[in-house]
Amino acid sequence: MKQILTLIATVTLSLAAHSQLEMNNTKTVAVVKGSYIYNFAKNCQWDESFYETGVFKMAVYGDRDLYNELIDKYDNRPINNQVVEVVWVTDLDMLFDEQIVFLSEVKKNDLTLASDIAEENGSLLITDFNGAISLGSIINFVIVENTISFDLNLAQAVTNDINLGNRMNNWANKIVEE
Amino acid sequence: MKYLLVFTLALLSSNAISQNEELVNNALEAYKQGSFLEAKSLIDESITFTENDVSPKVWNFRGHIYKQLYKESIQDQGASYRDEAVTSFKKSCELSSDGQYYPDNIKALEYLSATYFNDAVDSVLKLKYNGGENPVQFFQNFKELKLWLKPQEGVKAEELMFLKMLAQSYEKIHTKHDSEDRESILKAISYYEQALGLDGQDYEANFNLAIIHYNEGARLIGGISYKTGMDELISIQTRCVEYFRHALPFMKKAESLRPNRVESLKGLMFINRALNNFDIYLEYKSKLDEILNN
Numbered sequence: 045m046k047q048i049l050t051l052i053a054t055v056t057l058s059l060a061a062h063s064q065l066e067m068n069n070t071k072t073v074a075v076v077k078g079s080y081i082y083n084f085a086k087n088c089q090w091d092e093s094f095y096e097t098g099v100f101k102m103a104v105y106g107d108r109d110l111y112n113e114l115i116d117k118y119d120n121r122p123i124n125n126q127v128v129e130v131v132w133v134t135d136l137d138m139l140f141d142e143q144i145v146f147l148s149e150v151k152k153n154d155l156t157l158a159s160d161i162a163e164e165n166g167s168l169l170i171t172d173f174n175g176a177i178s179l180g181s182i183i184n185f186v187i188v189e190n191t192i193s194f195d196l197n198l199a200q201a202v203t204n205d206i207n208l209g210n211r212m213n214n215w216a217n218k219i220v221e222e
Numbered sequence: 011m012k013y014l015l016v017f018t019l020a021l022l023s024s025n026a027i028s029q030n031e032e033l034v035n036n037a038l039e040a041y042k043q044g045s046f047l048e049a050k051s052l053i054d055e056s057i058t059f060t061e062n063d064v065s066p067k068v069w070n071f072r073g074h075i076y077k078q079l080y081k082e083s084i085q086d087q088g089a090s091y092r093d094e095a096v097t098s099f100k101k102s103c104e105l106s107s108d109g110q111y112y113p114d115n116i117k118a119l120e121y122l123s124a125t126y127f128n129d130a131v132d133s134v135l136k137l138k139y140n141g142g143e144n145p146v147q148f149f150q151n152f153k154e155l156k157l158w159l160k161p162q163e164g165v166k167a168e169e170l171m172f173l174k175m176l177a178q179s180y181e182k183i184h185t186k187h188d189s190e191d192r193e194s195i196l197k198a199i200s201y202y203e204q205a206l207g208l209d210g211q212d213y214e215a216n217f218n219l220a221i222i223h224y225n226e227g228a229r230l231i232g233g234i235s236y237k238t239g240m241d242e243l244i245s246i247q248t249r250c251v252e253y254f255r256h257a258l259p260f261m262k263k264a265e266s267l268r269p270n271r272v273e274s275l276k277g278l279m280f281i282n283r284a285l286n287n288f289d290i291y292l293e294y295k296s297k298l299d300e301i302l303n304n
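Chains as they are written, first to last, in the working numbering: chain H, 45 to 222; chain D, 11 to 304.
Bound-form chain D, shown alone:
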């Protein structure tokens, strides 16, 4: 509301009220009364006038109107209001030669950036089989805005965590909906690979990617039953070995990043056993036994 006082004083300092200014004044009145949709219509009409279109004050006000609409909206409806608020505050910053509205614009943009981030995390948590909102788009919006606000800080840490969280959610969906859901597991693999593209030294991404590949092979083998004929058995084995071979370098990397960790030693033991590398399997088994017995 402090912002409203500054804005009102700025308007009162003008003597002659032109049509474009009247529209802004009316929008302000509507805003004060909480009629944000009416304020929106008036402010949108006002920026068709050149004087308003180049005014940092008007764009700042427009940003606040859309921000309020976003806050009052429910779910999907709010997304476009928020995007429009961001556009308005950014434009106000670009036009603000004297910097009067700059701090307020930045504060509002930081708030909106946080809402993108929260929505990204929330939608990952709510991901469903064949459904849910697109967390990537929310994160992309957060990333763009954060980089615009604080380019020197970057978003690598948040992006890495987000990609790993996304990968894990898809892996869970795959596990829950069993083997037929190829799309989810491919997404999980892809997001872990993207995480490793950001930081190849990340332990969890290496470890979990190894586990996904290993589990894919183990799941295929686990599907072998008394109905499995010899030709099918040979084919399954060939496919499984590919998965196990994919898993091995990631688990080795995980072990090198955090040496002698029980989980990764166990992983290397299982993968080498599945690849029928028995000597190496026994080496890891002995190392693991030693650690567990101490």
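For reference, chain H alone in the conformation it holds in the complex:
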């Protein structure tokens, strides 16, 4: 009996010791970017015409994880007197009256066109790839010591009639004035 008991205990111990834990499958990057975008929405001011409807539109172009995150946590959430509506864009022609447009690295060849459209529509163009800030993006996500931060292009924000507010300057990694 002693041997059987010890064998059972040893097998139990061995099985437990050799089992592996499961990784948390949170899409970490998308969650952080999503939170930044919602906070940008809360801290910036757009042209008055954007406040005539009850909807605050966010468009995502090229990043499905980010789109899903925004839909999951922020769609229908309030921002001042508006509620967020998140849309997935498959073509830049679909853009019209969005306060925020996110263009991901996989669509970087469309940056110039997206910037022109954002300028015309008065949208806040957000990107996440090198060089975007000097090519028409207003906010570009950058990596600083393994964390996601962002650079701001103040001049482009003025051109698009967007007031970024003082606090945004404090949070930014770098501010481009020209």
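Please note that a few of the clues may not be correct.
Some chain H residues judged to face chain D by a derived CB distance under 7 Å, without partners named [what the hints assert, rightly or not]:
no. : residue
1   : Met-67
2   : Thr-72
3   : Val-75
4   : Ser-79
5   : Asn-83
6   : Lys-117
7   : Tyr-118
8   : Phe-173
9   : Thr-191
What the hints contain is simulated information worked out from the structure, not anything from laboratory work.
Note that CB positions come from ideal geometry on N, CA and C, so glycine has one too.
With chain H fixed as given, assemble chain D onto it according to the hints.
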């Protein structure tokens, strides 16, 4: 019961019955009748006599009385009986110059050692949030006794498995009781670190420790909601990166120990993505895709 025959014959060989011997005889009678508590009182009184205190025979008998009490006891009550049985058998071994009782002592001690081990495993399985018996003490008792019985064998293999099992149980408790239970996750980390102290090349300990650190960071990020303000977001990110940085060397080690394993490649992929090392993330992703497609 074979042991009882030897013991009885040994007693009968004495002619003059002194008070100390009478106590032992009475204890034996009580033992035969199954009155172990009475036997215990008599044998404890008997060892106050010097002649009995230096007798391997009496200490062996005392060990058996306490062993029986342990076997008949329920749960907590048995622990002190078992400890006392171990002490008695050990003392009998130390006093046994002719070795007559030695084999019986060792056999009994091996049995008791197995019960410590079983209790250690059992109490790990029954660990609860803020409760349960202390498995470490049981294992410590097993370890001491095993090393005393077979010093050349050591207990490294059992200790390594035990520490990993303990760590995993605390991790499960933490997962079940959600984020506020810091104590459990810190214990899980500590036990995995102790396991790696015993064997830094252990795959599971490296892999699971990496996962714990990664999951801690991912859990914090998963807690981000529409209520999270910018300052809090920046603070959360800073804390998460620390967790992810802690996870990385353990997952790298796991991958080096068992190269090209899907789980560790996936781990390296996730950790590097969380650390925003996108080039490295893509390298692991491509390697993983290659393995999965073959």
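Against the structure, the hints:
{"no.": "1", "hint": "Met-67", "result": "holds, 6 Å"}
{"no.": "2", "hint": "Thr-72", "result": "holds, 4 Å"}
{"no.": "3", "hint": "Val-75", "result": "holds, 5 Å"}
{"no.": "4", "hint": "Ser-79", "result": "holds, 5 Å"}
{"no.": "5", "hint": "Asn-83", "result": "holds, 5 Å"}
{"no.": "6", "hint": "Lys-117", "result": "holds, 6 Å"}
{"no.": "7", "hint": "Tyr-118", "result": "holds, 6 Å"}
{"no.": "8", "hint": "Phe-173", "result": "violated, 10 Å"}
{"no.": "9", "hint": "Thr-191", "result": "holds, 5 Å"}
In the structure shown, a violation is registered for the earlier hint numbered 8 alone.
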